[in-house]
Amino acid sequence: MPLLITLLLLIFLLLLPVTLEAQRHAARSLIINPLLDDRHHLPDDETRVFNTFGGWAGFGNFPYSSDDHHLWYQDLGGYVELWRRGSTASLLLTGQIQFIADPHNAINFNPRAIFWEEGLLYTRDLQNGYLQLGFMHRCKHDIDNLDRGEQRSLIFSSFITRYQRSSRLFTRDDLMIMAGYERYLITWDRRIPRALEEHPPDWNNLSRQLTLNLHWHANPHGSGVIAETQLHLILAGSDLLLNRGASIGWQFHRSGGAFRFALNYEYLHDSGIPAIPSDVHLISFGIQTNAPFVIR
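Count along the sequence shown from 1, add 73, and you get the number used in the working numbering.
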């Protein structure tokens, strides 16, 4: 019954007909949990520092973008498990970037913006799921924009609480669910010329966020079809805000890494790129490699 309620809520939010807006996280589609990888578990009474490390990298093209700021992207991220207690507790240092290029030069290589994240995540095994607490510092900066005569820089850092749980849709543990709450502690939306700051939305007003990520894998312990969806509901001032996305693809699972090919759709009411905010519908096709088991 809880799974059915979750899926119904997801469908309702995807179809919600309201004007919405939200911010853009570099790792918004990922579920990260080092305790999911049982190859590196320790005896319950043992503690170890720098227990594991890993990461992910991705590259893709936007065959369709409703604005002119997206042509292709590059993702790069990593993590170091600073501390591990048995198989029940972990402290992770993580960082990641998303690099966006637009088509506005002769060779289709025009760096436009970079979104950066870094932070700490503490994960605790609750037997019936996993609790994550952490802090993420995020920012966005323009690249090679002197000829535009405008600039937009963003900071949106938050305290994070997440609950993750494996569930069954068709087979055991084929569905991973993550529900999260974020409280924004640092927000900053600076634009040049400053007169452009009169154009809404203003990320200075970000205060709270609820997230829901669903990751389904037809073969949780091997290669197979994958499907994901994500929802990000934000409170900014008195407004209820939303970003949403979904993807489907195929993942090749190997002991040394997972390789994924996926078709993705995403809607962002404010892409975070132009100095005058604008929404965007994005369809992308990309490849990604990541540490197996830890990254979903």
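Just so you know, these hints were derived from the structure itself, not from any lab. Note that this is a predicted model, so its numbers are computed, not measured. C-beta atoms are modelled at their ideal positions from N, C-alpha and C, and glycine is treated no differently. Some hints here could point you the wrong way.
[What the hints assert, rightly or not] The following label-pair restraints were derived from C-beta to C-beta distances:
id, residue 1, residue 2, range
1, Asp220, Arg197, 28 to 36 angstroms
2, Ser351, Tyr254, 40 to 48 angstroms
3, Leu149, Ser296, 49 to 57 angstroms
4, Phe123, Arg197, 32 to 40 angstroms
5, Leu313, Leu115, 40 to 48 angstroms
6, Gly329, Ser351, 36 to 44 angstroms
7, Arg327, Gln147, 17 to 25 angstroms
The hints, checked one at a time:
{"no.": "1", "hint": "Asp220 <-> Arg197: 28 to 36 angstroms", "result": "violated, 50 angstroms"}
{"no.": "2", "hint": "Ser351 <-> Tyr254: 40 to 48 angstroms", "result": "violated, 28 angstroms"}
{"no.": "3", "hint": "Leu149 <-> Ser296: 49 to 57 angstroms", "result": "violated, 24 angstroms"}
{"no.": "4", "hint": "Phe123 <-> Arg197: 32 to 40 angstroms", "result": "violated, 19 angstroms"}
{"no.": "5", "hint": "Leu313 <-> Leu115: 40 to 48 angstroms", "result": "holds, 43 angstroms"}
{"no.": "6", "hint": "Gly329 <-> Ser351: 36 to 44 angstroms", "result": "holds, 41 angstroms"}
{"no.": "7", "hint": "Arg327 <-> Gln147: 17 to 25 angstroms", "result": "holds, 22 angstroms"}
Hints 1, 2, 3 and 4 from the list above are not met by this structure, while the remaining hints are.
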